[in-house]
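Visitor: One line per chain: the protein sequences are A and B, in this order. Going by this note's numbering, 36 is the number at position 36 of the first sequence; the sequence numbering is gapless. Going by this note's numbering, 115 is the number at position 115 of the second sequence; the sequence numbering is gapless.
I should point out that these hints are in silico values taken from the structure, not numbers from a laboratory. The beta-carbon is built from N, C-alpha and C at its ideal position, and this holds for glycine as well. A hint or two may mislead.
As the list claims (entries may be wrong) - Below are the DSS-like pairs computed for lysine-lysine, each with C-alpha atoms no more than 25 Å apart in a straight line:
(1) Lys228/B - Lys180/A
(2) Lys698/B - Lys97/B
(3) Lys546/B - Lys107/B
(4) Lys546/B - Lys101/B
(5) Lys144/A - Lys419/B
(6) Lys135/B - Lys519/B
(7) Lys50/A - Lys101/B
(8) Lys75/A - Lys115/A
(9) Lys273/B - Lys188/B
(10) Lys273/B - Lys582/B
(11) Lys303/B - Lys273/B
(12) Lys50/A - Lys303/B
(13) Lys508/B - Lys182/B
(14) Lys508/B - Lys519/B
(15) Lys273/B - Lys287/B
(16) Lys656/B - Lys50/A
(17) Lys698/B - Lys101/B
(18) Lys50/A - Lys582/B
Said to hold, decoys possible - From the structure, some residues in chain B lie toward chain A, with a derived Cβ separation under 7 Å:
(19) Leu109
(20) Asp112
(21) Gln217
(22) Tyr285
(23) Ser634
(24) Glu638
Said to hold, decoys possible - A few chain B residues that face chain A, going by a derived Cβ cut-off under 7 Å, partial list only:
(25) Phe65
(26) Glu67
(27) Cys80
(28) Ala85
(29) Leu208
(30) Val220
(31) Ala238
(32) Arg241
(33) Pro248
(34) Phe452
(35) Ala623
(36) Val624
(37) Arg627
Each chain, written out:
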Amino acid sequence: MAKYGWLLDLNRCIECRACESACKQWNAVETGIGLRYRIVHTRESGTFPKVATQAASLACNHCDEAWCLKVCPVKAISRRADGIVLIDSTRCIGCQQCVKFCPYQVPALNTVTRKVEKCTMCADRVDQGLAPACATLCPTEALKWGEWSKIAGQGVGMIAGFTDPRYTAPNIRFVLDTWKK
Amino acid sequence: MTLTRRNWLRLTAAGGAALAGDKLFGAYFQPAQAASDEKTLITSCGICSPACGIKATVKDSAIRFLEGLPGDQSGRGKLCGKGTAGAQFAYDPDRLKYPMKRTNPVKGLEEDPGWVRITWQEALDTIAQKFGAAKQQFGAESLLFITGGSPDVWARYMNAIGIVNRIDHLDECFLSDRIVQKYTVGSKSWCNDFENSRYILLFGWDILAKTKLTYAQGIVDAKDNGAKVVCFNPQFSATARFSDEWYPIKPGTDLAVALAMINVIVTENLYAKEFVDNYTNFGQYEKQIREHFQQFTPQWAEKESEIPAAAIERIAREFATSGPAIVPAHKKTLCANYQNGTQLVHAISILNILAGTIDRPGGRYFSRAPSIAGVDAIYPPPAYPAKAGRRVDGKDKLPFVLEDGGGLFSTAAGGILEKYPNMIQACMINAYTAVSFPNPPRMFEALASIPFTAVMDVIPTDTVSYADISLPSVTYLESNDLVTRDYKALYPQVVVRQALIPPMFEAKSIGYVALELGKRMAPDYFKQAPGGDWIDLNVLLDEKTKRAGLGANFAEFKTTGVYTKEQPFTPRTTFSVAGGTKCQIYVPQFTAAKGADALPVWRTKRDLPSADYPYYYLTFIPAVHKRNSTQNNSILNEMLPTNSAMMNPALAQKLKVVEGQMVRLRSRAGAIELPAHLTETLRPDAVMVAHGFGHRSKLLTKAGGKGVRDGDIIADQTADEMFLAGNFGGSACIMDAVVAIEPV
Numbered sequence: 001m002a003k004y005g006w007l008l009d010l011n012r013c014i015e016c017r018a019c020e021s022a023c024k025q026w027n028a029v030e031t032g033i034g035l036r037y038r039i040v041h042t043r044e045s046g047t048f049p050k051v052a053t054q055a056a057s058l059a060c061n062h063c064d065e066a067w068c069l070k071v072c073p074v075k076a077i078s079r080r081a082d083g084i085v086l087i088d089s090t091r092c093i094g095c096q097q098c099v100k101f102c103p104y105q106v107p108a109l110n111t112v113t114r115k116v117e118k119c120t121m122c123a124d125r126v127d128q129g130l131a132p133a134c135a136t137l138c139p140t141e142a143l144k145w146g147e148w149s150k151i152a153g154q155g156v157g158m159i160a161g162f163t164d165p166r167y168t169a170p171n172i173r174f175v176l177d178t179w180k181k
Numbered sequence: 001m002t003l004t005r006r007n008w009l010r011l012t013a014a015g016g017a018a019l020a021g022d023k024l025f026g027a028y029f030q031p032a033q034a035a036s037d038e039k040t041l042i043t044s045c046g047i048c049s050p051a052c053g054i055k056a057t058v059k060d061s062a063i064r065f066l067e068g069l070p071g072d073q074s075g076r077g078k079l080c081g082k083g084t085a086g087a088q089f090a091y092d093p094d095r096l097k098y099p100m101k102r103t104n105p106v107k108g109l110e111e112d113p114g115w116v117r118i119t120w121q122e123a124l125d126t127i128a129q130k131f132g133a134a135k136q137q138f139g140a141e142s143l144l145f146i147t148g149g150s151p152d153v154w155a156r157y158m159n160a161i162g163i164v165n166r167i168d169h170l171d172e173c174f175l176s177d178r179i180v181q182k183y184t185v186g187s188k189s190w191c192n193d194f195e196n197s198r199y200i201l202l203f204g205w206d207i208l209a210k211t212k213l214t215y216a217q218g219i220v221d222a223k224d225n226g227a228k229v230v231c232f233n234p235q236f237s238a239t240a241r242f243s244d245e246w247y248p249i250k251p252g253t254d255l256a257v258a259l260a261m262i263n264v265i266v267t268e269n270l271y272a273k274e275f276v277d278n279y280t281n282f283g284q285y286e287k288q289i290r291e292h293f294q295q296f297t298p299q300w301a302e303k304e305s306e307i308p309a310a311a312i313e314r315i316a317r318e319f320a321t322s323g324p325a326i327v328p329a330h331k332k333t334l335c336a337n338y339q340n341g342t343q344l345v346h347a348i349s350i351l352n353i354l355a356g357t358i359d360r361p362g363g364r365y366f367s368r369a370p371s372i373a374g375v376d377a378i379y380p381p382p383a384y385p386a387k388a389g390r391r392v393d394g395k396d397k398l399p400f401v402l403e404d405g406g407g408l409f410s411t412a413a414g415g416i417l418e419k420y421p422n423m424i425q426a427c428m429i430n431a432y433t434a435v436s437f438p439n440p441p442r443m444f445e446a447l448a449s450i451p452f453t454a455v456m457d458v459i460p461t462d463t464v465s466y467a468d469i470s471l472p473s474v475t476y477l478e479s480n481d482l483v484t485r486d487y488k489a490l491y492p493q494v495v496v497r498q499a500l501i502p503p504m505f506e507a508k509s510i511g512y513v514a515l516e517l518g519k520r521m522a523p524d525y526f527k528q529a530p531g532g533d534w535i536d537l538n539v540l541l542d543e544k545t546k547r548a549g550l551g552a553n554f555a556e557f558k559t560t561g562v563y564t565k566e567q568p569f570t571p572r573t574t575f576s577v578a579g580g581t582k583c584q585i586y587v588p589q590f591t592a593a594k595g596a597d598a599l600p601v602w603r604t605k606r607d608l609p610s611a612d613y614p615y616y617y618l619t620f621i622p623a624v625h626k627r628n629s630t631q632n633n634s635i636l637n638e639m640l641p642t643n644s645a646m647m648n649p650a651l652a653q654k655l656k657v658v659e660g661q662m663v664r665l666r667s668r669a670g671a672i673e674l675p676a677h678l679t680e681t682l683r684p685d686a687v688m689v690a691h692g693f694g695h696r697s698k699l700l701t702k703a704g705g706k707g708v709r710d711g712d713i714i715a716d717q718t719a720d721e722m723f724l725a726g727n728f729g730g731s732a733c734i735m736d737a738v739v740a741i742e743p744v
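Same shape as in the complex, but just chain A (with noise of 0.2 Å):
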């Protein structure tokens, strides 16, 4: 079975957080708790006026190496043959062992259902062949989602601040140099 992942080009994103705003919404995120599944993550660099930014719109990787799941104690969070990992909500006890051990800062605890959530990689849309909510919507094809076999090859797997993908086997690549002449 195909294993999906993420193609994020780094270059390309206005910052418009369309697909946070999707992901929200395709997955009915609860509001008003600061609960995020998907989240732009900005960084400056440098000092005025030699500065340069960064956007960068990460949620889960998916990663082969998931510690979250490898954490859980009681195991409510599995992988699909398609690779996409999953919390069961009703197993969860929302302890937050996978919250402390996830190197991205993934997993989150509704604080309201004190159960924790992540992205899902939208399983339910991709169940009916549609792509996730976030790449479906990216308007400048900034994130891309598609079959690994065919992103694993493209950029590179590391950028400033990400965790080493030795560690976890992040299902996505990096897209830094889009426009080099």
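Assemble the complex: chain A is given as a structure, and chain B must be docked to it using the hints.
Guide: Only chain B this time, still in chain A's reference frame:
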């Protein structure tokens, strides 16, 4: 109004069973049984003016998901973060639900209006009676309408009762650009063919960072196609990140750079000769033009702007010789909302003309949108009464603004309170809040002084709390209309706007209000023909659909949703400018007005840094909000709930301010207090605050009480001041404040 969100959804959404879960709206939208009633509908976004096409999934009579409409020129099958979150406008539990009247006569932000529910009949009867009485006793000038000029039935209502005092926010937006375009290229053009441009020059134009999607996509495409992008902006914004060269220009001096670039291009004869010779008045005024721009040397511009003269020269040459080149100028961006914004947009228009790309590939072009017949074409009205009376906003002092009709928010408070006290007796406000105005406290004071005010809106804004009667408005997701593509329109295209859901509670459209007030106040204007039936909005829409060739009626057009007539782009060869056929670099008409000039002259911004107010004050619209109208959307509120005082760490150190510390920004207009946010992206002599926050209404459960109003320290102004300063294009000067910064 003690409805909880869940109760409210039980009342309004389709099935109670689906609400059993413990999430809020989430429970309702959980994918339910496969046999559910799911359909896909086409509509148009209503958040900002390009109105991107939407493919909506409606499930069990509720809006499930909004995404872009393939084949739409505006959004090209995509939506931005705001558009995607659209359903949360319709399902905002804070919405106004039925007409209400106030029982507490005292008006103020801290006053409880004492709302009492009334019927639409009572609301409309009362408004018609109050407006009618004011007009009869004090004349039409006593009525102030703070509304847009559309839709067409609303315009008809205003014309029928002789409204002279209508104001809108365009002076904070594209007013000066529209005025200048009329006299330089013939008509407004909001279309920028970035995709085919080789060289894009941005004077404070920050629409990519503000995410007007159609433009942002254009810039990204241009990059893909190898265009060079040069950006002048005091802040390293997302737009600057997309630029090949970024210059942190001194605020308000873009005009100097633009004038110097014209100087270089004209002096070195680098302009597009074929276009300039054939389609402009350059030849006729060559002597004046060459002489005029001689004074604006790159060396002079460097002193004003801090941009090196060598860079100005090089960029001017590159701009003129790299192939199709463009300078966009649009909306509330840094460039056009300084006091010298009118001169700047004139200079920008000249640069585009010299590049020879007006209505050419890679340039600013005119929309190919088809025209949709208005109500006056379909049901010709009796002759409208002549408009007579004093202009509360002083437009009559500014002839080009008067001719245009847009604006003026920046002068309204002074007009109401000081210039013509007691003149305004009744006021109608639709979808505007005083938070929009420069110096909102003054505008609130002005509103409190008006004896009778009716406000229509979707949510209970601060301004609604000043209403005597409040009216619940539909959202764009509950509306029907025909929407032309006007911001990216290489060929004619129309997309439907259709109600995805029936209006929530008793919400109605402004068209309905126009018709009902019209029937009561000026019945002769609201008949299909003299002595005939009343105008019916549904029949009218059917007739518009039919006349535009979109379908037999609106219901039929809804099923296809899009009309597209692909045709090759034929560049214009005549430009209908001021009765002639050529673009005007030199605008003789401008000399007819005092304070205006046929060629752009150098003027400074309004307020310059001083010992008392040493720092520039800049405002901006963040990517996830549309002005001040989206802060109560549950998704958008969460993405950006409040604002801060952005400043450079070097400045913060000098002021002994640390990240998150409260600071007071003080200008000659007032003071605001908000937390500091340190960023290396901004010039150390400026402080920057996001617009749209600082709503105070307690009925806005998400936006209320969060952040501060950026406008509180932006001085409002008088038309006389604008006239004397050469601000003949009517800029509201929202970028012109200077401030002192003090740690709190």
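Visitor: Decide, hint by hint, whether the structure agrees.
Guide: Against the structure, the hints come out as follows:
1. The straight-line distance between the Cα atoms of Lys228/B and Lys180/A is roughly 13 Å, inside the 25 Å bound, and the hint therefore holds.
2. Our distance criterion of 25 Å between C-alpha atoms is met by Lys698/B and Lys97/B, whose separation comes to about 16 Å.
3. With a C-alpha separation of about 47 Å, the suggested pair Lys546/B and Lys107/B falls outside the 25 Å cut-off, and the hint is violated.
4. Distance hint between Lys546/B and Lys101/B is unfulfilled; the C-alpha atoms sit about 40 Å from each other, more than 25 Å.
5. Between the alpha carbons of Lys144/A and Lys419/B the distance comes to roughly 58 Å, so the proposed pair goes past 25 Å and is violated.
6. Annotation: proposed proximity of Lys135/B to Lys519/B holds, straight-line Cα distance about 16 Å (limit 25 Å).
7. Between Lys50/A and Lys101/B the CA atoms are separated by roughly 57 Å; this puts the pair beyond 25 Å, and the hint is violated.
8. Of the pairs offered as hints, the one joining Lys75/A and Lys115/A holds, with about 14 Å between alpha carbons and a cut-off of 25 Å not exceeded.
9. The straight-line distance between the Cα atoms of Lys273/B and Lys188/B is roughly 24 Å, inside the 25 Å bound, and the hint therefore holds.
10. A C-alpha spacing of about 14 Å is found between Lys273/B and Lys582/B, which places the hinted pair at or below 25 Å, so the restraint holds.
11. The straight-line distance between the Cα atoms of Lys303/B and Lys273/B is roughly 31 Å, outside the 25 Å bound, and the hint therefore fails.
12. Between Lys50/A and Lys303/B, the direct Cα distance comes to roughly 21 Å. Compliance with the 25 Å bound is thereby established for this hinted pair.
13. Of the supplied pair hints, the one linking Lys508/B and Lys182/B is violated, its CA atoms being roughly 35 Å apart against a limit of 25 Å.
14. As the CA atoms of Lys508/B and Lys519/B are separated by approximately 16 Å, the hinted pair is consistent with the 25 Å bound.
15. As the CA atoms of Lys273/B and Lys287/B are separated by approximately 16 Å, the hinted pair is consistent with the 25 Å bound.
16. Proximity of Lys656/B to Lys50/A is assessed by CA-CA distance (about 23 Å); at most 25 Å being required, the pair is judged to hold.
17. With a C-alpha separation of about 17 Å, the suggested pairing of Lys698/B with Lys101/B holds against the 25 Å cut-off.
18. Restraint check for Lys50/A and Lys582/B: the C-alpha separation of about 44 Å exceeds 25 Å, so the hint is violated.
19. The beta carbon of Leu109/B comes no nearer than 24 Å to any beta carbon in chain A, farther than 7 Å, and the hint placing it at the interface is violated.
20. A least Cβ separation of about 24 Å between Asp112/B and chain A goes past the 7 Å threshold, and the interface hint is therefore violated.
21. Look at Gln217/B: its Cβ gets to within about 6 Å of chain A, closer than 7 Å, so that hint holds up.
22. Hint status for Tyr285/B: violated, given a least beta-carbon distance of 39 Å to chain A, over 7 Å.
23. Given the 7 Å rule on beta carbons, the hint for Ser634/B holds: about 4 Å separates it from the nearest Cβ of chain A.
24. Satisfaction of the interface hint for Glu638/B is found here, the shortest Cβ-Cβ separation to chain A being roughly 5 Å, below the 7 Å cut-off.
25. Hint status for Phe65/B: holds, given a least beta-carbon distance of 6 Å to chain A, under 7 Å.
26. Because the beta carbon of Glu67/B sits about 6 Å from the nearest beta carbon in chain A, less than 7 Å, this interface hint is met.
27. Hint status for Cys80/B: holds, given a least beta-carbon distance of 4 Å to chain A, under 7 Å.
28. Against a cut-off of 7 Å between C-beta atoms, the interface hint on Ala85/B holds, since the closest Cβ of chain A lies about 5 Å away.
29. Nearest Cβ of chain A to the Cβ of Leu208/B: about 6 Å, under the 7 Å cut. The hint holds.
30. The restraint placing Val220/B at the interface with chain A holds, with a minimum CB-CB distance near 5 Å, inside the 7 Å limit.
31. Hint on Ala238/B holds. Least Cβ distance to chain A is approximately 5 Å, under the 7 Å limit.
32. For Arg241/B, the suggested interface contact is upheld, since its CB lies about 5 Å from the closest CB of chain A, less than 7 Å.
33. Restraint check, Pro248/B versus chain A: the minimum CB separation of about 5 Å is within 7 Å; hint holds.
34. At about 37 Å, the closest approach between the beta carbon of Phe452/B and any beta carbon in chain A exceeds 7 Å, and the interface hint on this residue is violated.
35. Taken as an interface hint, Ala623/B checks out: its beta carbon lies about 5 Å from the nearest beta carbon of chain A, inside 7 Å.
36. Of the supplied interface hints, the one on Val624/B holds, with its beta-carbon coming within about 5 Å of a beta-carbon of chain A, less than 7 Å.
37. Taking 7 Å as the C-beta contact cut-off toward chain A, the hint placing Arg627/B at the interface is violated, the least distance being around 16 Å.
Hints 3, 4, 5, 7, 11, 13, 18, 19, 20, 22, 34, 37 from the list above are not met by this structure, while the remaining hints are.
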